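So you can see what is in the structure, the chains are spelled out below.
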Amino acid sequence: MKNLAYISIGVLFGVTMYKSEAASWFRIYEMFNFQAFHMYGIIGVAVVLGVIITQIIKKYNIKTFFGVPIVFDDKEKSFKRYFWGGIIFGLGWALAGACPGPMFTLVGAGFYSLLIVIAFAILGTYVYGVLKDKLPH
Amino acid sequence: MSELILGPWPWYISGFLIALVMFLLLMMGDRFGMSSNLRTLCTICGAGKKTEFFSFDWKSQKWNLMVMIGAVIGGFIGAHFLSNNTGVNISADTIQRLQEIGINSSETSYLPTEIFGMFTVKNILLLAVGGFMVGFGARYAGGCTSGHAISGLSNLQLPSLIAVIGFFVGGLFMIHVLFPFIF
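Line by line, the protein sequences give chains Z and W. Just so you know, we're using the working numbering here: the first sequence kicks off at 1 and counts up by one. Just so you know, we're using the working numbering here: the second sequence kicks off at 138 and counts up by one.
Simulated from the structure, these hints should not be mistaken for laboratory data. These figures come from a predicted structure and were not determined experimentally. Do not rely on the hints blindly, as some may be mistaken.
Stated by the list, open to error - Simulated crosslink set (DSSO-like; lysine-lysine; CA at most 27 Å straight-line):
{"hint": "1", "chain 1": "Z", "residue 1": "K58", "chain 2": "W", "residue 2": "K186"}
{"hint": "2", "chain 1": "Z", "residue 1": "K63", "chain 2": "W", "residue 2": "K187"}
{"hint": "3", "chain 1": "Z", "residue 1": "K134", "chain 2": "W", "residue 2": "K187"}
{"hint": "4", "chain 1": "Z", "residue 1": "K75", "chain 2": "W", "residue 2": "K259"}
{"hint": "5", "chain 1": "Z", "residue 1": "K132", "chain 2": "Z", "residue 2": "K58"}
{"hint": "6", "chain 1": "Z", "residue 1": "K80", "chain 2": "Z", "residue 2": "K132"}
{"hint": "7", "chain 1": "Z", "residue 1": "K2", "chain 2": "Z", "residue 2": "K77"}
{"hint": "8", "chain 1": "Z", "residue 1": "K2", "chain 2": "W", "residue 2": "K187"}
{"hint": "9", "chain 1": "Z", "residue 1": "K75", "chain 2": "Z", "residue 2": "K134"}
{"hint": "10", "chain 1": "Z", "residue 1": "K134", "chain 2": "W", "residue 2": "K186"}
{"hint": "11", "chain 1": "Z", "residue 1": "K132", "chain 2": "W", "residue 2": "K199"}
{"hint": "12", "chain 1": "W", "residue 1": "K199", "chain 2": "Z", "residue 2": "K80"}
{"hint": "13", "chain 1": "W", "residue 1": "K187", "chain 2": "Z", "residue 2": "K58"}
{"hint": "14", "chain 1": "Z", "residue 1": "K63", "chain 2": "W", "residue 2": "K186"}
{"hint": "15", "chain 1": "W", "residue 1": "K187", "chain 2": "Z", "residue 2": "K132"}
Claimed, not checked - Non-contacting residues of chain W with respect to chain Z, defined by C-beta distances greater than 10 Å in every case (computed):
{"hint": "16", "residue": "C182"}
{"hint": "17", "residue": "D194"}
{"hint": "18", "residue": "K196"}
{"hint": "19", "residue": "N201"}
{"hint": "20", "residue": "R234"}
{"hint": "21", "residue": "Q236"}
{"hint": "22", "residue": "G239"}
{"hint": "23", "residue": "V258"}
{"hint": "24", "residue": "K259"}
{"hint": "25", "residue": "S297"}
{"hint": "26", "residue": "P317"}
Glycine included, every Cβ here is placed at the ideal spot set by N, Cα and C.
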C-alpha cells in the first residue's frame with residue numbers, strides 16, 4: 001500500500017517533468033542561454049511554494065500522514081563541497097541535459113540512450129564514494 | 138480542453154505540481170531528493186563491501202526507488218498518452234542558436250536526435266561524460282536539482298544556495314565556453 005503511494009507520487013513527478021518539458025535537453029540549453037522564462041518560472045514557483053509549505057509545517061507542527069512530527073535537518077555548513085560539487089553537476093547537467101530525476105523519466109518515455117547517462121551517473125556516484133575522503137569538503 | 142493537457146504544461150502548473158510532490162513526500166515522512174537513488178543503486182550492486190560510503194541497508198531507501206520507478210512510468214504515460222506532438226516549445230532565439238551548432242530537431246523531437254538518436258563514438262562519449270559528472274557532482278554536492286534547488290532552498294539552506302549557484306556556474310561554462318569546442 002505504501003509502495004503504491006510512493007509509485008503514485010513518482011508518476012506525478014515523472015508526468016510533470018515530461019509535460020513541463022523540464023526533462024528536455026532543449027529546455028536546459030534554452031535556460032542556460034537565458035532565452036526563455038519557462039525553466040526559471042518552474043523552479044521559482046516550486047521554491048516559493050516550497051518555502052511557504054516548509055514554514056507552515058514548522059509553524060503549526062504539522063505531522064506526517066502517519067502522525068509523526070516532520071523534522072527538517074539543516075545541511076552541514078561548508079563551502080567547498082557545495083560549490084565544486086555543484087559546478088561538476090552543472091557541467092554534466094548542461095551536457096547531458098538531464099538531472100537524476102528526468103533521466104529515468106526519459107527512459108520511460110522511450111529514449112533508451114539515457115541508459116548510458118544513467119549507467120555513468122551510477123559510476124560517477126561510485127567513484128565519488130571511493131574518493132570521498134581525499135576530496136576537499 | 139484537450140490541448141491544455143496534451144500540449145506543453147505551463148511553468149506555473151508545473152512549478153505547483155513539483156511543490157506538491159515535495160509536500161506529499163514530506164507528509165509520507167520522507168524527503169524529495171532523486172540523486173540518492175544513484176547511491177542506493179551502487180549499494181545494491183555490492184559497492185558496500187569495499188567502500189564505507191555505500192555500506193548501509195538499502196532497504197531503508199526502498200521508498201525512493203519506488204518514486205524512481207514511478208518517474209519512469211510517468212515518462213511513459215506523459216509521452217504515450219498525454220502528448221499530441223513530439224517537438225518542444227522552445228523560443229525562436231534558441232531554435233536559431235541551435236541551428237548554428239547543427240541541431241535542427243527541436244520541432245520534431247523531444248530530445249535532439251543529433252545527440253540522443255545516433256550512436257556515434259562522439260555521442261556515446263558525450264552522454265557518458267555528462268552522466269558521470271551528474272552522478273559525481275550530485276554526490277559531492279550532497280544533492281541535485283530536487284534535493285538542493287527545491288528541498289534545500291525551500292528550507293532556506295545556505296549550502297543549497299551555494300550548490301545551486303555552482304550548478305549555474307558549471308552549466309553556463311559548459312554552454313558558453315565548452316560547447317563551441319564540442320559542436
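Let me make sure I understand: some of the numbered hints might not hold for this structure. Which ones are they, in numerical order? 1, 2, 4, 5, 7, 8, 12, 13, 14, 16, 19, 20 and 25
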